[in-house]
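K.L.:
Sequence:
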Amino acid sequence: MRALITLSLLFASSAAAAQTPPPAATCNIRSPGLNFGIYSALDQAPGTALGRIDLSCLPLVATAGVRVSLSSGSSAQPLDRAMTNGDATLRYNLFADPGHHLVLGDGSNGTVEPVQLTRGLGRASFRVYGVIWPRQAVPAGDYSDTVRIDVEF
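Residues -18 to -1, 1 to 135 in mature numbering (1 follows the signal peptide of the UniProt record, and there is no 0) are what the sequence shown spells out, letter by letter.
Hints should not be assumed to be uniformly reliable.
[Claimed, not checked] Distance ranges between label pairs, derived from CB positions:
| no. | residue 1 | residue 2 | range |
| --- | --- | --- | --- |
| 1 | Pro28 | Glu95 | 17 to 25 Å |
| 2 | Asn17 | Asp132 | 38 to 46 Å |
| 3 | Gly92 | Gly123 | 12 to 20 Å |
| 4 | Arg34 | Ser126 | 15 to 23 Å |
| 5 | His83 | Gly123 | 16 to 24 Å |
| 6 | Ala70 | Gly104 | 23 to 31 Å |
| 7 | Asp79 | Thr128 | 32 to 40 Å |
| 8 | Asn91 | Asn10 | 25 to 33 Å |
| 9 | Gly123 | Ala27 | 30 to 38 Å |
These aren't lab readings, by the way, just hints derived from the structure by calculation.
By construction, the Cβ of each residue, glycine as well, lies at the ideal position given by its N, Cα and C atoms.
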(Lines of atoms letter the chains of each structure in order from A and count residues from 1; the text may use other names and numbers.)
(Lines give C-alpha, C1' and ligand atoms only; values in the text may rest on other atoms or scores of the structure.)
Protein backbone atom coordinates (compact mmCIF):
# COMPACT_ATOMS: atom_id res chain seq x y z
CA MET A 1 0.00 0.00 0.00
CA ARG A 2 1.40 3.41 -0.93
CA ALA A 3 0.20 6.81 0.20
CA LEU A 4 1.46 10.26 -0.62
CA ILE A 5 2.37 11.94 2.65
CA THR A 6 2.79 15.65 3.15
CA LEU A 7 3.19 17.80 6.22
CA SER A 8 2.55 21.49 6.19
CA LEU A 9 3.71 24.05 8.71
CA LEU A 10 1.51 27.04 9.49
CA PHE A 11 3.24 30.16 10.67
CA ALA A 12 2.01 32.40 13.46
CA SER A 13 3.66 34.87 15.73
CA SER A 14 2.71 36.30 19.07
CA ALA A 15 4.24 39.19 20.94
CA ALA A 16 4.70 39.14 24.69
CA ALA A 17 3.68 42.27 26.57
CA ALA A 18 6.50 44.37 27.99
CA GLN A 19 6.37 46.76 30.94
CA THR A 20 8.11 49.53 29.04
CA PRO A 21 7.40 50.01 25.37
CA PRO A 22 10.42 48.80 23.37
CA PRO A 23 11.05 49.92 19.82
CA ALA A 24 8.71 48.23 17.37
CA ALA A 25 10.06 44.88 16.22
CA THR A 26 8.98 42.56 13.45
CA CYS A 27 9.78 38.87 13.14
CA ASN A 28 9.39 36.98 9.88
CA ILE A 29 9.25 33.19 9.59
CA ARG A 30 9.91 31.29 6.38
CA SER A 31 9.71 27.56 5.77
CA PRO A 32 8.64 25.44 2.83
CA GLY A 33 7.31 22.75 5.20
CA LEU A 34 8.12 19.06 4.94
CA ASN A 35 7.20 16.52 2.28
CA PHE A 36 7.73 12.86 3.16
CA GLY A 37 6.98 11.68 -0.37
CA ILE A 38 5.47 8.22 -0.86
CA TYR A 39 4.94 6.09 2.23
CA SER A 40 4.60 2.31 2.20
CA ALA A 41 3.40 0.34 5.22
CA LEU A 42 5.70 -2.48 4.04
CA ASP A 43 8.89 -0.44 4.48
CA GLN A 44 11.00 -1.61 7.42
CA ALA A 45 12.74 1.75 7.91
CA PRO A 46 11.08 4.99 9.00
CA GLY A 47 10.22 7.57 6.34
CA THR A 48 12.22 10.76 6.72
CA ALA A 49 12.08 14.35 5.51
CA LEU A 50 14.34 17.34 6.06
CA GLY A 51 13.03 20.87 6.43
CA ARG A 52 14.27 24.25 7.51
CA ILE A 53 12.84 27.22 9.33
CA ASP A 54 14.33 30.69 8.88
CA LEU A 55 13.64 33.47 11.38
CA SER A 56 14.53 37.13 11.02
CA CYS A 57 13.71 39.76 13.66
CA LEU A 58 14.33 43.46 13.01
CA PRO A 59 15.23 45.76 14.57
CA LEU A 60 17.36 43.58 16.77
CA VAL A 61 15.30 42.49 19.75
CA ALA A 62 16.66 43.97 22.97
CA THR A 63 17.29 42.40 26.39
CA ALA A 64 14.93 39.42 26.57
CA GLY A 65 15.62 38.03 23.11
CA VAL A 66 13.28 35.84 21.09
CA ARG A 67 11.75 32.48 21.98
CA VAL A 68 10.59 30.11 19.23
CA SER A 69 8.39 27.07 19.84
CA LEU A 70 6.42 24.52 17.79
CA SER A 71 2.90 23.34 18.58
CA SER A 72 1.98 19.67 18.80
CA GLY A 73 -0.21 19.82 15.70
CA SER A 74 -3.59 18.10 15.54
CA SER A 75 -2.73 15.28 17.97
CA ALA A 76 -2.22 17.58 21.00
CA GLN A 77 0.65 15.24 21.97
CA PRO A 78 4.05 16.70 21.02
CA LEU A 79 5.79 13.38 21.71
CA ASP A 80 3.37 11.54 19.39
CA ARG A 81 2.25 13.77 16.52
CA ALA A 82 -0.17 12.49 13.90
CA MET A 83 -1.05 13.43 10.34
CA THR A 84 -4.63 12.80 9.29
CA ASN A 85 -6.61 11.85 6.22
CA GLY A 86 -10.26 11.87 7.26
CA ASP A 87 -10.45 9.51 10.26
CA ALA A 88 -7.14 7.77 9.45
CA THR A 89 -3.99 8.84 11.29
CA LEU A 90 -0.32 8.39 10.48
CA ARG A 91 2.13 8.80 13.38
CA TYR A 92 5.19 10.99 12.87
CA ASN A 93 7.35 13.47 14.73
CA LEU A 94 9.69 16.43 14.30
CA PHE A 95 13.21 16.44 15.71
CA ALA A 96 15.98 18.98 16.29
CA ASP A 97 18.74 16.46 15.57
CA PRO A 98 19.51 14.00 12.76
CA GLY A 99 19.62 11.12 15.28
CA HIS A 100 15.93 11.74 16.10
CA HIS A 101 16.39 12.07 19.87
CA LEU A 102 15.31 15.70 20.57
CA VAL A 103 11.59 16.22 19.86
CA LEU A 104 10.79 19.77 18.76
CA GLY A 105 8.13 21.55 20.78
CA ASP A 106 7.78 24.25 23.41
CA GLY A 107 10.38 23.01 25.89
CA SER A 108 7.90 21.15 28.11
CA ASN A 109 7.01 17.47 28.49
CA GLY A 110 10.32 16.21 27.13
CA THR A 111 10.44 18.50 24.08
CA VAL A 112 13.03 21.10 23.13
CA GLU A 113 12.61 24.54 21.60
CA PRO A 114 14.21 24.82 18.18
CA VAL A 115 16.10 28.04 18.83
CA GLN A 116 16.34 31.05 21.08
CA LEU A 117 17.76 34.29 19.77
CA THR A 118 19.64 36.27 22.37
CA ARG A 119 20.20 39.99 22.52
CA GLY A 120 21.88 41.35 19.43
CA LEU A 121 21.14 38.39 17.17
CA GLY A 122 18.41 39.08 14.65
CA ARG A 123 18.53 36.00 12.39
CA ALA A 124 18.44 32.27 12.92
CA SER A 125 18.01 29.22 10.75
CA PHE A 126 17.52 25.68 11.92
CA ARG A 127 16.79 22.29 10.44
CA VAL A 128 13.74 20.18 11.17
CA TYR A 129 14.14 16.41 10.89
CA GLY A 130 10.82 14.66 10.24
CA VAL A 131 10.19 10.95 10.81
CA ILE A 132 7.18 8.77 9.98
CA TRP A 133 7.20 5.57 12.00
CA PRO A 134 7.33 2.41 9.84
CA ARG A 135 4.78 -0.38 9.40
CA GLN A 136 1.62 1.64 9.95
CA ALA A 137 -1.35 0.15 8.09
CA VAL A 138 -3.21 3.19 6.75
CA PRO A 139 -5.47 3.76 3.75
CA ALA A 140 -3.90 5.40 0.70
CA GLY A 141 -4.38 9.15 0.42
CA ASP A 142 -2.95 12.52 1.33
CA TYR A 143 -2.04 12.91 4.99
CA SER A 144 -1.25 16.27 6.53
CA ASP A 145 -0.87 18.10 9.80
CA THR A 146 -0.43 21.75 10.67
CA VAL A 147 2.22 22.67 13.21
CA ARG A 148 2.14 26.26 14.44
CA ILE A 149 5.43 28.09 14.95
CA ASP A 150 5.18 30.67 17.74
CA VAL A 151 7.62 33.54 18.09
CA GLU A 152 7.62 35.39 21.40
CA PHE A 153 9.57 38.61 21.88
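K.L.:
Determine for every hint whether it applies to the structure shown.
P.N.:
Results for each hint:
no., hint, result
1, Pro28 with Glu95: 17 to 25 Å, "holds (23 Å)"
2, Asn17 with Asp132: 38 to 46 Å, "violated (23 Å)"
3, Gly92 with Gly123: 12 to 20 Å, "violated (31 Å)"
4, Arg34 with Ser126: 15 to 23 Å, "holds (19 Å)"
5, His83 with Gly123: 16 to 24 Å, "violated (30 Å)"
6, Ala70 with Gly104: 23 to 31 Å, "violated (42 Å)"
7, Asp79 with Thr128: 32 to 40 Å, "violated (23 Å)"
8, Asn91 with Asn10: 25 to 33 Å, "holds (28 Å)"
9, Gly123 with Ala27: 30 to 38 Å, "violated (22 Å)"
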